[in-house]
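**Student:** Here is how the chains run, residue by residue.
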Amino acid sequence: MASTSSLKPVSSLKLFNLESLSNIESHYDKLAFKLSNPLLTKSVQISTTHQAFSARRPSKDASTKAFFFNIGKPKPEPTKVQELYVYEINERDRGSPAYLRLSKKDANSLGDLVPFSNKLYTGDLQKRLGITSGLCVLIKHVPEKKGDRYEAIYSFYFGDYGHISVQGPYLTYEDTHLAVTAGSGVFEGVQGVVKLQQIVFPFKLFYTFYLKGIKDLPAELVVKPVVPTATAEPSAAAKATEPQATIPNFTD
Amino acid sequence: MAAASSTSAAFRAASSSVKLLTSSSPTAQNILSFKPFSNPLISNNFRLTANSAATCRSFTCKSQSTPSDSTPTKVQELNVYEINERDRGSPAFLKLSQKDVNSLGDLIPFTNKIYSGCLQKRLGITAGICILIKHEPEKKGDRYEAIFSFYFGGYGHIAVQGPYLTYEDTYLAVTGGSGIFEGAYGQVKLQQLVFPFKLFYTFYLKGIPDLPSELLGPPVTPSPAVEPSAAAKACEAGATVSNFTN
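Protein chains in written order, with our numbering: chain C, 1 to 252; chain V, 253 to 498.
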């Protein structure tokens, strides 16, 4: 299925759009791009070097074996961190997001739910990978930051390669780190975090995955990223999902 | 008070030694290995762990005084109080089932404050959603599927998922984390003290470096009357973690 390759840094920018278009008009008329919390970034770096032997979470299908009885299966090095970069782009053709104002209040309030699904591209914006899909639960409006805090629970779909599930904070006014909770396919057994950067709120987001516990990612996913800017766009071929500009059975 | 703390200490010791027997994951093994323990509380709890997504790999002893990053099966316990002080608009009970009685379809987003186990420091918040699964009339309560995170300010967050039963304690799976909790796995025990305003959690965390001492320390014995210190409630300097989440 996937060819292995040596680890190369991958960077791609994806913007993750959660707010409904009406909210954009009312609240946000400027780019909400800020640097991520430096404390968290530092923590990520420190923890990766200290985790000498983080026990890899066994896959749900395989029976759990004791540490030294893992015969046959090549064991991914527990501490190797692979970086994966993707762009998430809302091209406004998926009916997303669906802002459910269930709190029945004028301002964004606890009770509002925002299911969403956007398109996913490789970090170099040359290939269409698939989609994101999930839910943002509005937690609170943060007036002094002119933004909101959401709890985001969603997955990134990479066609035949599988998917990665994440859970964590989405703040419309700053970058965050979400937990990588699980994966399937080439991402089975994955652990780690993903950094979310908003490029153009709320249409373009850039993600940097720091993944552990999986075999080397396929070369197709490991590309030199396009530096995130407001004007970064997928290639015309990728947008048109031409065969050479997509991964096998890209999710749609 | 002394009796209560010795009970809680005994419980913790028992649950730690119970972990010694938890080898590979099969459900039957988990239940069998806990039969020798007469403490009904533990047997109940570990029946529920069969449902948790986290699998235990430990065949070695639990944490010893060795450096954190050399023992893959080291389990760290972390205690947290979750308290709804009714100032966050939480919970938001969305009766989308449109039935009189709690039914599948009802959703409950929520966010409460969390304090350290010793109730001296404000840590941050919980944030997430409870999905009502079924009403249990004979238990006078409900079953929810809970998906939420615990935010510990500058330290990062822990993501969990699992059952929340309003009528008994449960174990949820620790699905991941960020910051110092990056790579975390394991489970967390949920104990309700005052439904639905006060809950006590005991995390059993694996796969992370040693937790900072600020988060550890003997917890206040859970009871309905526990309250955070006045300084922690007021978020005074010294009574919170750095950049506590709010």
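Keep in mind the hints are simulated off the structure, nothing from the lab. Incorrect hints may appear among the rest.
Unchecked claim - Pairs of lysine-lysine, DSS-like flavour, derived with a Cα cap of 30 Å: (1) C:Lys195 to V:Lys347; (2) V:Lys347 to C:Lys104; (3) C:Lys140 to V:Lys485; (4) C:Lys140 to V:Lys386; (5) C:Lys146 to V:Lys386; (6) V:Lys485 to C:Lys215; (7) V:Lys441 to C:Lys105; (8) C:Lys104 to V:Lys441; (9) C:Lys145 to V:Lys351.
What the hints assert, rightly or not - With the Cβ distance kept under 7 Å, some of the chain V side facing chain C (calculated, not the full set): (10) Gly341; (11) Leu346; (12) Gln350; (13) Gly380; (14) Ser401; (15) Glu420; (16) Ser430; (17) Pro476; (18) Ala477.
The C-beta atom is built at its ideal place from N, Cα and C for all residues, glycine as well.
**Student:** Tell me, which hint numbers fail for this structure?
**Tutor:** 1, 5, 6, 7, 8, 9, 12, 15, 17, 18
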